[in-house]
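Trainee: These protein sequences, in sequence, are chains Y and Z. So for the first sequence, the working numbering puts the first residue at 1; every next one is plus one. So for the second sequence, the working numbering puts the first residue at 1; every next one is plus one.
These are computed hints drawn from the structure, not numbers from a lab. In this text the structure is predicted, and so the values were computed from the model without any measurement. Treat the hints with care, as some may be off.
[Said to hold, decoys possible] Residues from chain Y that face chain Z, not an exhaustive set, calculated with beta carbons under 8 Å:
1) R244
2) N246
3) V248
4) A250
5) D354
6) K398
7) P400
8) Y414
9) A449
10) K455
11) T459
12) I461
13) S463
[Stated by the list, open to error] Here are the simulated DMTMM-like pairs of lysine to aspartate or glutamate, each with C-alpha atoms no more than 25 Å apart in a straight line:
14) K223/Y <-> D161/Y
15) K43/Y <-> D105/Y
16) K43/Z <-> E465/Y
17) K436/Z <-> D161/Y
18) K43/Y <-> E465/Z
19) K307/Y <-> D454/Z
20) K436/Z <-> D77/Y
21) K455/Y <-> E317/Z
22) K398/Z <-> E41/Y
23) K436/Y <-> E41/Y
24) K436/Y <-> D125/Z
25) K398/Z <-> E65/Y
26) K436/Z <-> E462/Y
27) K43/Y <-> E317/Z
28) K458/Y <-> D454/Z
29) K436/Z <-> D443/Y
30) K54/Z <-> D379/Z
31) K32/Z <-> D454/Y
32) K307/Y <-> D354/Z
33) K32/Y <-> D396/Z
34) K398/Z <-> E462/Y
35) K57/Y <-> D232/Y
36) K43/Y <-> D125/Z
37) K314/Y <-> E41/Y
38) K398/Y <-> D379/Z
39) K398/Z <-> D441/Y
40) K398/Y <-> D441/Z
Beta carbons: idealized from backbone N, C-alpha and C, even for Gly.
2 protein chains.
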Amino acid sequence: MLKKTHLAIFLCASSLFSTASNALEKVDLLIKNAAVLTMNEDKTIFQQGLVAVKGNKIIAVTNGEDIKNYQAETIIDADGDIVMPGLINTHTHASMTVFRSLADDVPDRLHRYIFPLEKKLVSRDMVRIGAQLGNVEMLKGGVTTYADMYYFEDEVAKTVDKIGMRAVLGESVIKFPVADAENAQQGIDYALNFINEYKDHPRITPAFAPHATYTNSTETLQKITKLSLQHDVPVMIHLAESERENQVIAERSGGKSPIAYMAEIGALTPNLIAAHVINADDNDIALLKKYDVGIAHNMSANIKSAKGVAPIIKMQEQGLRIGLGTDGPMSGNTLSTIDEFNQVAKVHKLVNQDRAAMPPVDVIEMATIGSARALHMEDKIGSLEVGKLADIIIIDTKAPNMVPVYNPYSALVYSAYAANVKHTIVDGKVLMHHRKMLTVDEDAIRSEALQFADKVRKTVIESGEIVQ
Amino acid sequence: MLKKTHLAIFLCASSLFSTASNALEKVDLLIKNAAVLTMNEDKTIFQQGLVAVKGNKIIAVTNGEDIKNYQAETIIDADGDIVMPGLINTHTHASMTVFRSLADDVPDRLHRYIFPLEKKLVSRDMVRIGAQLGNVEMLKGGVTTYADMYYFEDEVAKTVDKIGMRAVLGESVIKFPVADAENAQQGIDYALNFINEYKDHPRITPAFAPHATYTNSTETLQKITKLSLQHDVPVMIHLAESERENQVIAERSGGKSPIAYMAEIGALTPNLIAAHVINADDNDIALLKKYDVGIAHNMSANIKSAKGVAPIIKMQEQGLRIGLGTDGPMSGNTLSTIDEFNQVAKVHKLVNQDRAAMPPVDVIEMATIGSARALHMEDKIGSLEVGKLADIIIIDTKAPNMVPVYNPYSALVYSAYAANVKHTIVDGKVLMHHRKMLTVDEDAIRSEALQFADKVRKTVIESGEIVQ
């Protein structure tokens, strides 16, 4: 732990403050008595530290000795609990909460069940209802920013705007008819409208989301790449995920891997966020590095579908931008990346036959500043540092599964679950306090989701289409 | 789902009740509006069922149509939540909660860190303090019965007696000096005294716990086997867990596997509960079947230490008695088997390269009636059936991660975590209600554990012995 060195630095800063003047610094929010995991470059930890917030920004992160210099509108006494950057979920389909646990574990599930199910049931209403529930689940699990790929993303955007979260929202583009577009071109047009509508939103980044290489033509992928650079918006895609994809792309490209094909057609750019990236050899990894692509690692969904384990340790060695994602609730099946920590740490140890592989600190890095890097947002979020946006979570260390904490990274990775998140703050605003949602009505959101679930039961379960 | 068939059966039973007489059946506890997962042989589910309890036994499990026949002292309205058998943790070292997250992920951890740490810090007090915290963690995570291996098990027994849980408690026997014995013979004597003291306890089964084959002599293992049959008590052991064990036993036995060696020396019996069992070939599995040995599968600890994955699917095919365990909190690191469900389901899919492997219903079976079988207690616990002991848990299905529930097994395995357990009932008594502990003071227990953690910090962290 780096506490001692940093203690010295901050004692110094603190005394500078007090000699400068006797005027108190007015802040909007002060979190005190905090075991602060800054996740800055030095991984500084303050055992009894503070975080001060003015407007939507962090203005101080210290060892707490300067506490008397602040006059705060709101004070949260963390009582020794862990205070850390909000989690960033780099890949999900939040609206699919209403389909959670439908037809789990069946072979060729995407083509046999998910696409037909979506054709029947995806609508503006479904997207809104599912996203509302997903947002609540994420905020209660400490996720403050998420990257979403789905249909009717303008509906998702409305729910994000209302609840107060941060999100990168990618409108899907796919070659066959879907709920909000008849073909890829209509998908692109839908996305462009959405991008124009949300390009100046303070918390929402609109994006393109071509579903995958094998569900889009080369022309579509190239068109989206060009438009994304022109509008300076992200592109999200499922990449190097499945055998089917490998086959289709090998046929299309004369034997290339999906990643090499993307490089060849000019679709690997720093705007790209690639989800899964399971089937990546050394050459593929070098290409991802060369084009500065962001990676969303979805361990839980990838092993549930027996697709394999992404070569994340190799990617770390090459310095790629790697974040954590949950995938959608038909795949993951939950939306807080806390639920992934354990699996990420342990499965990499198993497949590398090395108990020292993927230590807890690496998992927490991946979940915070690493995820910010994957979204190319590391200048704004992902760590608790002066000048960054105030996306902060507080983790209850008094729950019996968390007692005692000798090493906070280890406790978070091997012991914590989503319900250990006590408070969630986004953009300087407390959105969940003592597990109560402050900006939306959780009961009403659940009721709407349960009503929609009844419709799902009537449409696909009672008809025998999906056997549960 | 078997709902329809069973609905018919129970409609019939219900009308028999009402024609028999108008007298109401007086019960102590009635759980109504319950989505009952019985985990009986047919895996019957009642969507709006009831469970009635008299004294410490279940006297009715029905579809709920007979609800008017009961007059209950206490009624719990499950409001549609999942009601299921209490979870059974077949392998742990509960007292080690006070060492949780110490020196995680270091090589040769048992011999370099854990044994020396225990030599310094294990005491009657430590065992009591750690077990109290472990009990609370388990009850709050839905564990109603656990199988423990540690020192001073009479101290663990006192905590189990007080809180009201059920447990199989194994006093350790090991060849080198430990906190409560100088050698194996003293360990056996300690265990015998403990067995005599607790042999008639209604909820506690005292047992022998020889640590492992390689930490005990053949003579000791044979002596314990003989005594266990004589006193009709279980024997718990770590078996087929590590490379070091393979080597030591191969040298001792002329090349035999640990399981084959145990068979040869006569130490495989139906009284044995073997934890881990990672290194088991077809011959080993056949021996475990022949001698009707119980198996405790500890996925989370086994992959964290990169030791590998036990061949559980092969064992299932051979009809072995397989339960779930968490291992101790320095290994697991949590004590509710709910935290294992996800990993058990998914890692078996990964290593078998088959997304249909280890379906959720198999995981729930392993966690309930399977674990009861592993402890040879399937006639008493593990399912909700008339005549069984009333160990029952209720799972909150309104938490956002649990909405909606199309398939209860899938929701439990892929979405639930320990904090979704709402009420825990053991032996007919409600021990946790709306997550409040009713028989112990959780705050006092946490305080004592945190005080002990300070002692650990002073003894081994501040001295630099363990680097965190």
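Trainee: Next step is simple, just say for each hint if it's right about the structure.
Mentor: Quick rundown of the hints versus the structure:
1. R244: Violated, because the Cβ-Cβ distance from R244/Y to chain Z comes to roughly 14 Å (cut-off 8 Å).
2. N246: violated (15 Å)
3. V248: violated (20 Å)
4. A250: Nearest chain Z Cβ about 21 Å off; hint violated.
5. D354: Holds. Min distance 6 Å.
6. K398: holds (6 Å)
7. P400: holds (4 Å)
8. Y414: holds (4 Å)
9. A449: holds (5 Å)
10. K455: violated (11 Å)
11. T459: Not OK, violated: T459/Y not within 8 Å of chain Z, min 12 Å.
12. I461: holds (7 Å)
13. S463: violated (14 Å)
14. K223/Y <-> D161/Y: violated (29 Å)
15. K43/Y <-> D105/Y: violated (39 Å)
16. K43/Z <-> E465/Y: holds (23 Å)
17. K436/Z <-> D161/Y: violated (36 Å)
18. K43/Y <-> E465/Z: holds (23 Å)
19. K307/Y <-> D454/Z: violated (45 Å)
20. K436/Z <-> D77/Y: This hinted pair holds, its Cα atoms lying about 23 Å apart.
21. K455/Y <-> E317/Z: With Cα atoms ~39 Å apart, K455/Y and E317/Z exceed 25 Å; violated.
22. K398/Z <-> E41/Y: Outside the cut-off at roughly 40 Å; violated.
23. K436/Y <-> E41/Y: violated (33 Å)
24. K436/Y <-> D125/Z: The hint is violated at about 38 Å.
25. K398/Z <-> E65/Y: Answer violated: K398/Z to E65/Y is near 42 Å, above 25 Å.
26. K436/Z <-> E462/Y: violated (39 Å)
27. K43/Y <-> E317/Z: Distance of about 48 Å is beyond 25 Å: violated.
28. K458/Y <-> D454/Z: violated (57 Å)
29. K436/Z <-> D443/Y: holds (22 Å)
30. K54/Z <-> D379/Z: holds (18 Å)
31. K32/Z <-> D454/Y: holds (22 Å)
32. K307/Y <-> D354/Z: holds (9 Å)
33. K32/Y <-> D396/Z: Violated, at about 33 Å.
34. K398/Z <-> E462/Y: Roughly 23 Å between the alpha carbons, so the hint for K398/Z and E462/Y holds.
35. K57/Y <-> D232/Y: holds (24 Å)
36. K43/Y <-> D125/Z: At roughly 36 Å apart (the allowed maximum being 25 Å), D125/Z and K43/Y break the hint.
37. K314/Y <-> E41/Y: Holds, at roughly 21 Å.
38. K398/Y <-> D379/Z: violated (37 Å)
39. K398/Z <-> D441/Y: With Cα atoms ~14 Å apart, K398/Z and D441/Y stay inside 25 Å; holds.
40. K398/Y <-> D441/Z: Distance ~14 Å between K398/Y and D441/Z Cα, so the pair holds.
Of the numbered hints given earlier, the model fails hints 1, 2, 3, 4, 10, 11, 13, 14, 15, 17, 19, 21, 22, 23, 24, 25, 26, 27, 28, 33, 36 and 38; all others are met.
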